[in-house]
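Chemist: Listed below, chain by chain, are the residues.
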Amino acid sequence: MDDDAEIIAEFLVESHENLDQLDRDLVELEKQPGSRDLLSSIFRTIHTIKGTSGFLAFNRLEQLTHVGENLLSRLRDGEMAMTPPVTEALLSMVDTVRALLGAVEATGSDAAGDADVDGVVAALRAVLDGEAEPVVEPVAEPVAESTAMVESVGPAADAPGVEAVQPTAETPIAETPTEEPAAETAADDETARRGVVESSVRVDVDLLDSLVQLVGELVLTRNQVLQRTEDQDDIELVRAVQRLDLVASELQEGIMKTRMQPIGQVWSKMPRVVRDLAVQLGREVDLRMEGHETELDRSLLEALKGPLTHLVRNALDHGIERPEARTAAGKPAQGRLQLRAFHESGQVVIEISDDGAGIDPDKIAAAAVQRGVITRDQAARMETREIVNLIFRPGFSTAAEVTNVSGRGVGMDVVRTNIERIGGTVDMHSQVGQGTTCRVRIPLTLAIIPALVVGENGETYAIPQANLVELVRLEGEELDRSVEHLAGAPVLRLRGHLLPLVSLAEVLGRRRPDPDALTVVVVQNDGQRFGLCVEEVHDTQEIVVKPIGRQLKSLPTYAGATIMGDGRVALILDVPGIAHAHGVAQITEGSAESSTSESTDSTALLVLEVSNGRRAALPLREVSRLEEFDVARIERSGDAEAVQYRDGILPLVRLTSAIGLAETVRDDDQVSVVVHEAENRRVGIVIDRVLDVVDAAIVPSDVGRRAGVLGSAVIQDRVTDLVDLDAVVALTGVGA
Amino acid sequence: MAAAASQYCTFWVDGLFFGVAVSEVQEVLRYQELTAVPSGPEAVHGLINLRGQIVTALDLRCRLGLPPRPEDALPMNVIIRSRGEVVSLLVDDIGDVITVENRTGGALALEPAPANVPSIVQDVIVGVLPLPESILLVLDADRAADVAAAPEPTGGTA
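Quick note, the sequences are listed as chains H and B, same order.
Just so we're aligned: 363 in this note's numbering is position 363 of the first sequence, and the numbers increase by one with no gaps anywhere.
If you want this note's numbering, it's the position in the second sequence, counting the first as 1, plus 1000.
Hints were generated in silico from the structure; no laboratory data involved.
Treat the hints with caution; some may be incorrect.
What the hints assert, rightly or not - Pair by pair, the computed Cβ-Cβ distance ranges are:
hint	chain 1	residue 1	chain 2	residue 2	range
1	B	D1096	H	G455	40 to 46 Å
2	H	Q261	B	E1133	56 to 62 Å
3	B	P1130	H	Q261	55 to 61 Å
4	B	P1130	H	E253	56 to 62 Å
5	B	D1142	H	D276	44 to 50 Å
6	B	I1120	H	R243	51 to 57 Å
Stated by the list, open to error - Capping the alpha-carbon separation at 25 Å, the derived lysine to aspartate or glutamate pairs in DMTMM-like fashion look like this:
hint	chain 1	residue 1	chain 2	residue 2
7	H	K553	B	E1042
8	H	K546	B	E1027
9	H	K546	B	E1042
10	H	K553	B	E1024
11	H	K553	B	D1123
12	H	K553	B	D1146
13	H	K546	B	D1146
To be verified - From the structure, some residues in chain H lie toward chain B, with a derived Cβ separation under 7 Å:
hint	residue
14	G509
15	G549
16	R568
Every residue gets a Cβ at the ideal spot worked out from N, C-alpha and C, and that includes glycine.
The task is simple: from the sequences and hints, build the whole structure.
Modeler: Put into structure tokens, the structure is as follows:
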């Protein structure tokens, strides 16, 4: 019994692999209809399954593959040509075989399951008969022993025959199958022939995982031994330990490699997906794939399957237009879908690009506003790229009609969630009429990552290198000069940019006395940066990421844990989690994120004092820097004021007069300037002082509306003018 | 009550005599070094390295609302399996593995916990076994290990 189960398990594994190959071969075959090599390969695969299923008494499977085999043998021998109906029939056979194998896997028998074996057998027969040649052999041997078989012969004669041919009538698949027989393409086949990997062994995944675990243990033990033998005089022992060191390192590397698998495993499914969809949607698609061999950890590969398939479906459904529309737009009728995978700075990048209609930012913005994903005001301020990426927001879909392919308003946000769950990012670029490129970045592996080890209150913590930008150390005077507090929120001026600071001690729920030196780890999450102030920085290390128990899963602070060289456990900090939990995610991200979580439209605002206690506010996202200038540096050109700033001229505008208030008479020798930068313009807005940064849901009112002021709102219980930045900037004469 | 396991791994927590079905216990370890989890649930005393596996250590005293262990007393680890994970319960002292039988050699029936036992304790026990010399509180390993579900103590998640 156990032997049987083992044989069946092996049969299943083998067959599933074979079927993947078969899918690829069949699609390829449509392009090279006569390829004898491909046909032989397909024939062999089906033949193998048939043989084994006969041996294991899976009668339905045997019956199905038998008919398929007959068809294939005729194709191989050049007695029949590949036509769309033939391909269709063969593909449906592969699907049914897969379904039957699924039933075998679930129940141990192919009798269960609702696969329509008879129908497919009939369709295959119809194709065989349809070719009008005198068909004798296919109605052959197994009929005798299988009762199911008897019923299936009947329907074969009539209806399904028509049915099987019909769908292909309207099939606009790219290649019109040429009728040339097998012989000619021999040369092409030589290169297309699959590399048979006979030098590989199948290994149970659990075994691999436990090996990874054991090797981790070995490395830890080695580290301890290394420490102990450091000051030993015994030369022999020292040598042995050095060898141990080397071997353990190599072993670790080797074992880790066993977890890596080429992305080709996911891509092998794509030709079939694309073909089926193209047929279903009436598109003509040329699928190109590059970088099959790009490797990544198998757990990541598994997690990527869904999102990638969805992106490909999306490209076909919303990207590539119908052939008529393409021709009308002056493009080739056949659309191009390109998948690329490559390594870039320790990450795997996957690009899915099409040359379709592209994404119209105006449409997206309109739809986003209509669906309440963002407000009209926000839409107006967003850059094209940001708008395009709105499609990853929950509850967003611009498909004019709901298709069963994509466009139910779920999907893209799920794609993003799934990719982010494995530490990746996804980004969309699009040119209207030119096409769309979706770029997915993921770490090579989740199992071992480089990390910066920091110390806080005697404990060690790891920060994934992927989040790391730079380290900044501030001491004494520089500390006072560079770190400012905006309403209690520490902000670092780093090369002119304002960087929100978060203290690790606070993240960990402690208070730390103000230190005389500050070590800032500048980290990045989703393109947004913030500084994490830590007590000590140790070094960078490759760490093995290990899961933490369910009691701790809900904590935003930790991504997992690892074991350090001394055997102690260290927690891995979750940078995105910290960013969200401590509000630094939305300050720089603008109001976008918060508006989806709360229904109100919350915006980070820089609140300023102008003219004797009057208050005004600017969206923080429009502020690129805060500067102080000596009054002496202000130069005049006509009525305009300007300062020399960063190898250029920074035009200045006084906010008080720009918003129609009386100029404050001040005799300071410094002025505070808010530097606003957008596209090609750079303007300095002279203010009295910065009061605060607030993240508030504002309800604008028309009260106080005038030149330079959009209106007012109550911010922190005070009526505050909302500055019309464009109008203010226009005063300087710099293109608004 | 439900058919009770007849073999228990026993331990003491603040004078209370607890037992966990042996089938749920993986091993028992003396004190292990702990890595604290700042801002984690209060009952989570820290993480231990169990041969390369990260195991959450829960302080049963804290979990049961009992007074904290004296500073100089080091807790022992009862490593249990719960919902596919391995969890360590920190206890004061380890007792024997006992076999509970009635006179005819059958498993002794569990009795419901007396009503006046604090509810925080009642929540994590399946029942009690009145043995001749003491009363054994039979712990529900899964519920004991569920900290997120427990009433959130002060200083919990942010």
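Chemist: All hints are to be evaluated individually against the structure, with a verdict given for each.
Modeler: Cross-check of the supplied hints:
Restraint check, D1096 of chain B to G455 of chain H: a C-beta distance of roughly 43 Å satisfies the suggested window 40 to 46 Å. A hinted range of 56 to 62 Å holds for the C-beta pair Q261 of chain H and E1133 of chain B, which are about 59 Å apart. Hint check: P1130 of chain B to Q261 of chain H, Cβ distance near 58 Å, so the stated range 55 to 61 Å holds. With their beta carbons about 59 Å apart, P1130 of chain B and E253 of chain H fall inside the hinted range of 56 to 62 Å.
A C-beta distance of roughly 45 Å is found between D1142 of chain B and D276 of chain H, which places it inside the suggested range of 44 to 50 Å. Range check, I1120 of chain B to R243 of chain H: Cβ separation about 56 Å, and the 51 to 57 Å hint holds. This hinted pair checks out: K553 of chain H and E1042 of chain B have alpha carbons roughly 14 Å apart, not beyond 25 Å. Of the supplied pair hints, the one linking K546 of chain H and E1027 of chain B holds, its CA atoms being roughly 21 Å apart against a limit of 25 Å.
Restraint check for K546 of chain H and E1042 of chain B: the C-alpha separation of about 22 Å stays at or below 25 Å, so the hint holds. In summary, the hint linking K553 of chain H to E1024 of chain B is supported, as the alpha carbons are separated by about 23 Å, within the 25 Å threshold. Restraint check: the Cα-Cα separation between K553 of chain H and D1123 of chain B comes to about 22 Å, which is no more than 25 Å; the hinted pair holds. For the hint linking K553 of chain H to D1146 of chain B, the alpha-carbon distance of about 12 Å falls within 25 Å, and the restraint holds.
The hinted pair formed by K546 of chain H and D1146 of chain B meets the criterion: a straight-line CA distance of about 20 Å does not exceed 25 Å. Of the supplied interface hints, the one on G509 of chain H holds, with its beta-carbon coming within about 4 Å of a beta-carbon of chain B, less than 7 Å. The beta carbon of G549 of chain H is positioned within 7 Å of a beta carbon in chain B (closest approach about 4 Å), and the interface hint is therefore held. A hinted interface residue such as R568 of chain H counts as satisfied when its beta carbon comes closer than 7 Å to some beta carbon of chain B; here the least separation is about 6 Å, so the hint holds.
No hint from the list above goes unmet by this structure.
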